[in-house]
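Use the sequences and the hints to build the structure in full.
Residues in the sequence shown are numbered consecutively from 176, following the working numbering.
By construction, these hints were calculated from the structure, which means they are not laboratory data. In this text the structure is predicted, and so the values were computed from the model without any measurement.
Straight-line distance between alpha carbons at most 20 Å, and here's what the computed EDC-like set of lysine to aspartate or glutamate pairs gives:
#1 617 / 808
#2 398 / 378
#3 412 / 461
#4 609 / 808
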Amino acid sequence: MERKTEKSGKIDRPKKKAGPLPGDVEDKLKGVPPQQWRSLFWYLIFMFGFLWVWQEAANQFVTRTISYSEFKSLVAKHQVTQAEIQDTEIIGKLTSTNALSTNTPPATNSLQLAEANASTFRTVRVDDPNLVKDLENAKVEFTGVRPSGISQIFWAWIIPLGVMFLLWGFLSRRMAGLGQNLMSIGSSKAKLVADPETRVTFDDVAGCDEAKYELQEVVTFLKNPQRFKALGATVPKGVLLVGPPGTGKTLLARAVAGEAAVPFFLISGSDFVEMFVGVGAARVRDLFEKAKAQAPCIIFIDELDAVGRQRGVHMGAVNDEREQTLNQLLVGMDGFEANVGVIVLAATNRPEVLDRALLRPGRFDRQVVVDAPDLEGRLAVLKLHVRNKPLAKTADLRKIARQTPGFSGADLANVVNEAALLAARHDAKQIGDKDLEEAVEKVVAGPERKSRRLNEEEKQRVAYHEVGHALVAAYSKNADAVHKITIIPHGHAALGYTMQLPQEDRYLLRHSALLDKIKGMLGGRAAEDVVFGEVSTGAENDLEHATALARQMVAMFGMSEVVGLAHCAQRQHPFAPGMPDGVLQRDCSEQTAREIDQEVRKILNEAYAAAREILEEHRGELTLVAEELLAHETIDGKTFRQLIGGEEPPDKAEIPTGEELIKK
Numbered sequence: 176m177e178r179k180t181e182k183s184g185k186i187d188r189p190k191k192k193a194g195p196l197p198g199d200v201e202d203k204l205k206g207v208p209p210q211q212w213r214s215l216f217w218y219l220i221f222m223f224g225f226l227w228v229w230q231e232a233a234n235q236f237v238t239r240t241i242s243y244s245e246f247k248s249l250v251a252k253h254q255v256t257q258a259e260i261q262d263t264e265i266i267g268k269l270t271s272t273n274a275l276s277t278n279t280p281p282a283t284n285s286l287q288l289a290e291a292n293a294s295t296f297r298t299v300r301v302d303d304p305n306l307v308k309d310l311e312n313a314k315v316e317f318t319g320v321r322p323s324g325i326s327q328i329f330w331a332w333i334i335p336l337g338v339m340f341l342l343w344g345f346l347s348r349r350m351a352g353l354g355q356n357l358m359s360i361g362s363s364k365a366k367l368v369a370d371p372e373t374r375v376t377f378d379d380v381a382g383c384d385e386a387k388y389e390l391q392e393v394v395t396f397l398k399n400p401q402r403f404k405a406l407g408a409t410v411p412k413g414v415l416l417v418g419p420p421g422t423g424k425t426l427l428a429r430a431v432a433g434e435a436a437v438p439f440f441l442i443s444g445s446d447f448v449e450m451f452v453g454v455g456a457a458r459v460r461d462l463f464e465k466a467k468a469q470a471p472c473i474i475f476i477d478e479l480d481a482v483g484r485q486r487g488v489h490m491g492a493v494n495d496e497r498e499q500t501l502n503q504l505l506v507g508m509d510g511f512e513a514n515v516g517v518i519v520l521a522a523t524n525r526p527e528v529l530d531r532a533l534l535r536p537g538r539f540d541r542q543v544v545v546d547a548p549d550l551e552g553r554l555a556v557l558k559l560h561v562r563n564k565p566l567a568k569t570a571d572l573r574k575i576a577r578q579t580p581g582f583s584g585a586d587l588a589n590v591v592n593e594a595a596l597l598a599a600r601h602d603a604k605q606i607g608d609k610d611l612e613e614a615v616e617k618v619v620a621g622p623e624r625k626s627r628r629l630n631e632e633e634k635q636r637v638a639y640h641e642v643g644h645a646l647v648a649a650y651s652k653n654a655d656a657v658h659k660i661t662i663i664p665h666g667h668a669a670l671g672y673t674m675q676l677p678q679e680d681r682y683l684l685r686h687s688a689l690l691d692k693i694k695g696m697l698g699g700r701a702a703e704d705v706v707f708g709e710v711s712t713g714a715e716n717d718l719e720h721a722t723a724l725a726r727q728m729v730a731m732f733g734m735s736e737v738v739g740l741a742h743c744a745q746r747q748h749p750f751a752p753g754m755p756d757g758v759l760q761r762d763c764s765e766q767t768a769r770e771i772d773q774e775v776r777k778i779l780n781e782a783y784a785a786a787r788e789i790l791e792e793h794r795g796e797l798t799l800v801a802e803e804l805l806a807h808e809t810i811d812g813k814t815f816r817q818l819i820g821g822e823e824p825p826d827k828a829e830i831p832t833g834e835e836l837i838k839k
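Rendered as C-alpha cells:
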C-alpha cells in the first residue's frame with residue numbers, strides 16, 4: 176500500500192522483504208562472522224596464485240623452452256633424437272653432445288651452455304607443413320600424443336589443491352584454539368582433585384594435633400550437616416591456616432578433603448592475578464560457580480597473601496586488578512547468595528599483610544595456627560616419614576627429634592630423605608642412626624667440604640675458636656649442652672662449628688639464659704684473643720647474632736634498666752624462617768635509639784669479659800680439647816665432657832609430663 180508524505184510529497188512504498196535463503200546455505204552462513212569470509216576470500220586469491228607459480232615452476236624445472244626456429248636448426252643438425260608432437264607444443268630429447276654453434280656470440284656462450292646441458296626441450300608448435308618431412312630426413316623418432324586430461328588435472332590441480340586444503344585446515348585449527356584460549360581467559364584455573372586422587376587423611380599428618388582438632392569440625396559438618404543445622408549452628412565459611420613455611424598447611428587441607436570424601440579445588444593466589452583488569456574477578460566468580468555445582472566441596476587457596484593484600488590507594492593496572500579480585504572474593508565468601516556446602520580453606524605465612532575485611536567473621540571466621548612441632552610432634556613426624564623406609568633397629572628417632580628443635584615437617588622430611596641418600600651412598604641396606612645424625616648436620620650446617628684445605632695455622636685457630644664456644648657453654652649454667660665440635664668446613668663459609676642442642680623445647684628464656692647464650696656466641700673470639708693475642712674475621716657471624724639478641728633484650732624484652740619497659744622495635748615478619756632475630760623496625764626517638772645502642776654495647780662487653788674470664792680460668796682444658804680436636808677433626812659431646820671432667824646432661828625424656836603429674 177502506498178502513502179504520500181506531507182513534507183516531501185514523495186510516495187513511500189513498503190520495502191519488500193528478501194525471501195528466505197535455502198536451509199543449508201542459511202545454516203552455513205548463520206554462524207560465520209564477516210571476518211572469516213574476508214579471510215577466506217584472501218586465502219582463495221593466495222591459493223590460485225600459488226597454483227600458477229607451481230605450474231610455471233614445474234615446467235621450467237623439468238624442460239628447457241626453446242624457439243621453433245632453434246628447434247628446426249637442431250633437427251637439421253641431427254641433434255634431436257625423440258619428439259612428441261602434441262596439439263600445441265612439441266616435447267623432445269636432445270643428444271648428449273649437443274654442442275652450440277661456433278657462430279654463437281661470446282657474451283651468451285655461458286648461458287646457452289648451461290641451457291644446452293638439459294636433455295629435454297619444449298617448443299610451441301607452429302603450422303609447418305614440412306615438419307614431418309624434416310623429422311624423417313633427420314631420422315628422428317617422433318610420435319603423436321593425445322593429451323591425458325586426468326594426469327594433467329591430477330598434477331596441475333588435485334595435488335596443489337590438496338596441499339592448500341591441508342594448510343587451511345591446520346591454520347583453522349590453530350586460530351580456533353587461539354580464539355578458544357582467548358575466550359577462556361576468565362575461567363578458573365583451579366584443579367579439581369577427586370577423592371580417589373587425594374588419598375590423604377589425618378593419619379598422614381603429624382605434629383599438629385591442635386590444628387587437626389580444629390579442622391575435624393569442618394569434616395564432621397561436610398559428612399553430617401544436619402547435626403549442626405538441628406541446633407541452629409553454621410559451620411565457618413572460611414578457615415585460614417597460618418604458620419611458617421613447611422609446617423604442613425597444604426597437607427592439612429588435603430587431609431580435610433580426604434577425610435570428608437568431597438571434591439577438592441586447589442588453586443594458588445597468584446593464579447587469580449593477571450595483567451588485564453577484571454580477569455581475576457571473573458576467575459573468582461567462575462570458581463565459586465563450579466564449587467556450588469560440586470557442593471559439598473572444599474576450595475583451598477594457597478598463598479592467600481598474593482591476592483588478599485590490604486587495599487590502599489595505588490596507581491597502576493596491577494593494583495586495580497588485585498583489588499577487584501579481592502573485592503570479588505569478599506563478595507563470593509559473604510555476599511547475598513549463600514554458598515551452601517562450600518568451605519574455603521586458605522593458607523598463608525604472612526597474615527600481617529592481609530586485608531582486614533578478609534579476616535572478619537563471616538568470611539574467614541577461624542584462624543588455625545600451624546606452628547613448628549614440639550618434641551613429641553617431631554617424633555611423630557619422623558615416625559611418619561620412616562614408615563615406608565628400611566630403618567635399622569638401633570636407630571633412635573627420639574634422639575634425632577631432640578637434635579632438631581625448631582624444625583618444620585618439611586625439614587624433618589628432608590632429614591629422612593638425606594639419611595636415605597647417605598645410606599645408599601654407603602651401600603647400606605638400612606638407614607642407621609649415624610646416617611640420621613649426618614643428615615641433621617647436613618641440613619643445619621650444610622654439606623662437608625673436605626676439599627677446602629686449611630693450613631696448619633688456620634686450622635689451629637679454628638680449633639681454638641670452636642673449643643672456646645664449647646668451653647664457655649659448658650661452664651655456663653643456662654647454656655645448651657654441647658653435642659658436637661668439628662673443624663671440617665661446611666656449607667658456604669663455615670670453617671667449623673659447635674653444635675649445641677637443648678634437652679627439651681623451650682618457649683620462654685630468662686634474662687640469665689640470654690646472657691649465657693651471648694657469652695657462648697662470643698666464646699670463640701675470646702679464645703682467639705686469649706691464646707693468640709689477636710682476633711680474626713672468623714667471629715663475624717657470632718658478632719652478628721650476639722648483637723641482634725642483645726638488641727632484642729633491650730628494645731623488645733624490656734631487660735634494660737636504662738631504656739625501661741618500652742617496646743622500641745617490631746619484627747617485620749613474625750613467621751619468617753631462620754634465626755629469631757630477623758629484621759627489626761625501629762619505633763622510638765633518636766635519643767632512645769642512642770640509649771639502646773649504649774645498652775647493647777654494654778651487654779656485649781660484659782658478656783665478652785665473662786667469656787674471657789672462663790677461658791683464662793680453664794686454659795689447660797682449652798688446650799687439651801683443642802689438641803684432641805686437631806688430632807681427630809671431630810669430637811662428640813660425650814668425648815668433650817670426658818676431657819673436661821663434666822657430667823652428662825640429664826635425660827629429659829624421663830621427666831614426667833604435665834598429664835602424668837596431674838594423674839599422680
